[in-house]
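Using the hints provided, position chain W relative to the given structure of chain U.
Chains as they are written, first to last, in the numbering used here: chain U, 280 to 708; chain W, 280 to 708.
Mixed in with the good hints there might be a few duds.
A pair counts as met if it fits within one copy or between any two copies, since identical chains are not told apart.
What the hints assert, rightly or not - Cross-link-like lysine-lysine pairs, in silico, PhoX-like; alpha carbons within 25 Å at most:
| id | residue 1 | residue 2 |
| --- | --- | --- |
| 1 | Lys365 | Lys551 |
| 2 | Lys705 | Lys453 |
| 3 | Lys556 | Lys453 |
| 4 | Lys480 | Lys668 |
| 5 | Lys500 | Lys560 |
| 6 | Lys284 | Lys552 |
If you're looking for bench data, these hints aren't it; they were derived computationally from the structure. Source: prediction; values computed, not measured.
2 protein chains.
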Amino acid sequence: MPGPKGNAVIGQSGGPTAVINRSFIGAIMEARKHEEIVEFYGARHGVQGMLRNEYVPLFEQPNFVLSQISQTPAAALGSIRHKPTKEECNQIFDNFKKMNVRYFFYIGGNDSSETAYLINSFAAQEGYDLRVVHIPKTIDNDLLVTDHCPGFGSAARYVAAVFIGDNEDNRALKGVKINVVMGRNAGFLTASSLLAKQYPKDGPHLVYMPEMSFDLDQFLKDVDRTFKEHGRALVAVSEGINRQGIYNLKNGEKPEYISKWLNSFVNLNLPKKYLPKEASKVVEVDSHGNVSLSGTGMMGDILSIIVKSSLNISRVRADTLGYPQRSFPLSVSELDAQEAYRVGVDAVIAAVQDNFDEGSLAIKRVDEEGVYQIETFVTPLQSVQKQTKSFPKEWITDDGRIDERKFREYVNPLVGDLPITGRFVKAIF
Amino acid sequence: MPGPKGNAVIGQSGGPTAVINRSFIGAIMEARKHEEIVEFYGARHGVQGMLRNEYVPLFEQPNFVLSQISQTPAAALGSIRHKPTKEECNQIFDNFKKMNVRYFFYIGGNDSSETAYLINSFAAQEGYDLRVVHIPKTIDNDLLVTDHCPGFGSAARYVAAVFIGDNEDNRALKGVKINVVMGRNAGFLTASSLLAKQYPKDGPHLVYMPEMSFDLDQFLKDVDRTFKEHGRALVAVSEGINRQGIYNLKNGEKPEYISKWLNSFVNLNLPKKYLPKEASKVVEVDSHGNVSLSGTGMMGDILSIIVKSSLNISRVRADTLGYPQRSFPLSVSELDAQEAYRVGVDAVIAAVQDNFDEGSLAIKRVDEEGVYQIETFVTPLQSVQKQTKSFPKEWITDDGRIDERKFREYVNPLVGDLPITGRFVKAIF
Chain U
280 MPGPKGNAVI
290 GQSGGPTAVI
300 NRSFIGAIME
310 ARKHEEIVEF
320 YGARHGVQGM
330 LRNEYVPLFE
340 QPNFVLSQIS
350 QTPAAALGSI
360 RHKPTKEECN
370 QIFDNFKKMN
380 VRYFFYIGGN
390 DSSETAYLIN
400 SFAAQEGYDL
410 RVVHIPKTID
420 NDLLVTDHCP
430 GFGSAARYVA
440 AVFIGDNEDN
450 RALKGVKINV
460 VMGRNAGFLT
470 ASSLLAKQYP
480 KDGPHLVYMP
490 EMSFDLDQFL
500 KDVDRTFKEH
510 GRALVAVSEG
520 INRQGIYNLK
530 NGEKPEYISK
540 WLNSFVNLNL
550 PKKYLPKEAS
560 KVVEVDSHGN
570 VSLSGTGMMG
580 DILSIIVKSS
590 LNISRVRADT
600 LGYPQRSFPL
610 SVSELDAQEA
620 YRVGVDAVIA
630 AVQDNFDEGS
640 LAIKRVDEEG
650 VYQIETFVTP
660 LQSVQKQTKS
670 FPKEWITDDG
680 RIDERKFREY
690 VNPLVGDLPI
700 TGRFVKAIF
Chain W
280 MPGPKGNAVI
290 GQSGGPTAVI
300 NRSFIGAIME
310 ARKHEEIVEF
320 YGARHGVQGM
330 LRNEYVPLFE
340 QPNFVLSQIS
350 QTPAAALGSI
360 RHKPTKEECN
370 QIFDNFKKMN
380 VRYFFYIGGN
390 DSSETAYLIN
400 SFAAQEGYDL
410 RVVHIPKTID
420 NDLLVTDHCP
430 GFGSAARYVA
440 AVFIGDNEDN
450 RALKGVKINV
460 VMGRNAGFLT
470 ASSLLAKQYP
480 KDGPHLVYMP
490 EMSFDLDQFL
500 KDVDRTFKEH
510 GRALVAVSEG
520 INRQGIYNLK
530 NGEKPEYISK
540 WLNSFVNLNL
550 PKKYLPKEAS
560 KVVEVDSHGN
570 VSLSGTGMMG
580 DILSIIVKSS
590 LNISRVRADT
600 LGYPQRSFPL
610 SVSELDAQEA
620 YRVGVDAVIA
630 AVQDNFDEGS
640 LAIKRVDEEG
650 VYQIETFVTP
660 LQSVQKQTKS
670 FPKEWITDDG
680 RIDERKFREY
690 VNPLVGDLPI
700 TGRFVKAIF
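Pulled out of the complex, with its shape left as it was, chain U reads as follows (with noise of 0.2 Å):
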């Protein structure tokens, strides 16, 4: 069956990144040139306008506006974190019926495609023609099937860029360095430090991802040994390390989260007027009157302490990378954005196909002679979601490390070029 006739819609689910609008204009760009489909209705948040019916007409934005709107970070039609009901998304299906909602582009990670699977499984038991295509996006980079996400590029990007910087900080004012980097179970993040290092003693020295198990000993002892080794050192943390390493964990095991266990040493012994005045689900307080904590913000001040206090170092800092990693505008990968684009105007190239049913848009690398290719492929939904990806086991070294020409590989192309350090000739220092 050819594309039916009737409207579409699209949503952007979960956080941003800096070229999610990329996606999200590619497909607005890319449905205008198909007549099966008459309207285009941008979801403002995501679930929650199919659940309102807020929407914003597409089609009839100035082509200036959508090209702005494609270089700036985060998400234009709004997001949500909320993951629906049953009930909801079959809420979201009846609202679709009405509006003769044809095509459904959802923008996000496995949650978001989740979402779109069961949605399009209530289309399916009434046999209402409804074509669904999940497009990816994280800075995580954690989607099965393909071979990279949009968004991550650019994430990764900001992070090694940041640690190009650092590096050259902690060579002039020697101490310990640490910095907390964004991906809470898969270490592609993290491991992006790596591309800072241009010289044999540059750092990042030591990284810590998700997937390995963190053992704070074992941490002391590494910075210990760097430190008397370079005089300093330059340390990448992901927010998930954990006790156990997602890469030994269980059938169904949870990881025992460093932060969590850090936070567990802190006492926030807040003035009463700070409290809540009545039983709060936002904060937990205890009968002394002490305040939770949660997340990993923390985290990297909380270690920078340990390691001032058990190895007697008096230089030791530590930034938790933050927002910037999604959203910074000047650090934008030109591969990352290219590819966003294409994948939003692929999703609606397989949507209209004949007897197209759901699917994810994925990337596969077809590189030929050494040089970077990509073709796009369509994953059955379920095939993304529920779990996530880790980073390859086959990139870890027998001892334990990340195979950096392995992983330079991969990421290279996708991060882009880098800015180049100098040095002193005669090498001095």
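Okay, now just chain W, sitting in the frame of chain U:
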């Protein structure tokens, strides 16, 4: 007297910037043209290298090396935080005499100009013709006399770009976002967050500078009001916010930093094995085994917990912008880079002039018909040491806000063009 024939020494001091190496290389390139300067030595880690006679010979560095170094963030010679004693300055002068050093260039903030002044005063006592030029750099922009400091423009560009991305992120996933910005006693960098505002409802919605008194209860009221008005709040907070406000300090009074006060709510109850084995200067441990916190790293996190707890808002996040403000290599302001180079060049030109003694290079704005233009001049070292500059009071409105028009007029040329963000037309949200 024309410049004497002899050697030159240059050093870099204090916190690095993204363009401090431009000044360094500018000085080398110019010095090569003046036969009065026989050899040019770069001191490793500022005064430390001058005390230990650790130098890099600079004239023979190939141009491509110098060119790459000029584009590398942080201090290629190494930097230092130590402010030398009078005795050490005397020792440095003695070392200079032995090396026939006649020209001394020191790139740094106001402490460095004091060091330069001290060294020069020993030369003056002996009637030794030493010519000393302080070359300004700070990201805080807090040096007296000069219109602005090389290094500030690039840091401000980074801060503005972070807020541009974060404003979009905060629009996409509503909530309260607090960003802690560098500048312990001067609000220039924090105020630069305002450059992110491109549309009427854009953030930052609230900006807290060290010049103004900070009251936590007023802060909470401000955030509450903003969140109710916009459904979100993007907040810029200087790391140096304090109870009194720099503007209101009485002679000799020290600011009571909010970071220190907030840290006092935190008990960090580390396991014994992570406490120092013996009395340590590096961390303070109280009788209960609690580690005392110092620094500003946790301020953002503690503020965000207080906002959550007091205002019962679930989505509250904080980032401390950290070292990328001073070393991120992909957001250098082109004008800042050019001016940093120029002050290095002009420092050498000044030093070799007839009867020159000492001074700090400074920038004067001499716009013509509204077109940005500068001149440099030399101001006595004593005029820039000891004290620092605050955000000008003339740019504060009667109701205590930043006069954005006046500040933008000053800062826009320094920062350069920023990414433009897109908005749907028929603005639906």
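Against the structure, the hints:
When the C-alpha separation of Lys365 and Lys551 is checked against a cutoff of 25 Å, the pair qualifies neither within a copy, at 41 Å, nor between copies, at 49 Å. Taking identical chains as interchangeable, the C-alpha atoms of Lys705 and Lys453 lie at most 25 Å apart only when both belong to the same chain, with a minimum of 21 Å there against 54 Å between chains. In this assembly of identical chains, Lys556 and Lys453 lie within 25 Å of each other by CA distance solely across copies; the values are 23 Å between and 46 Å within a copy. In this homomeric assembly, Lys480 and Lys668 never come within 25 Å of each other (Cα to Cα): the closest approach is 31 Å inside a single copy and 39 Å across copies.
With identical chains, the CA atoms of Lys500 and Lys560 are at most 25 Å apart between copies only, with a shortest distance of 21 Å across copies and 39 Å within one. Taking the shortest Cα distances, Lys284 and Lys552 never come within 25 Å of each other, neither inside one copy (60 Å) nor across copies (69 Å).
Checked against the numbered hints above, the structure violates hints 1, 4 and 6; every other hint is satisfied.
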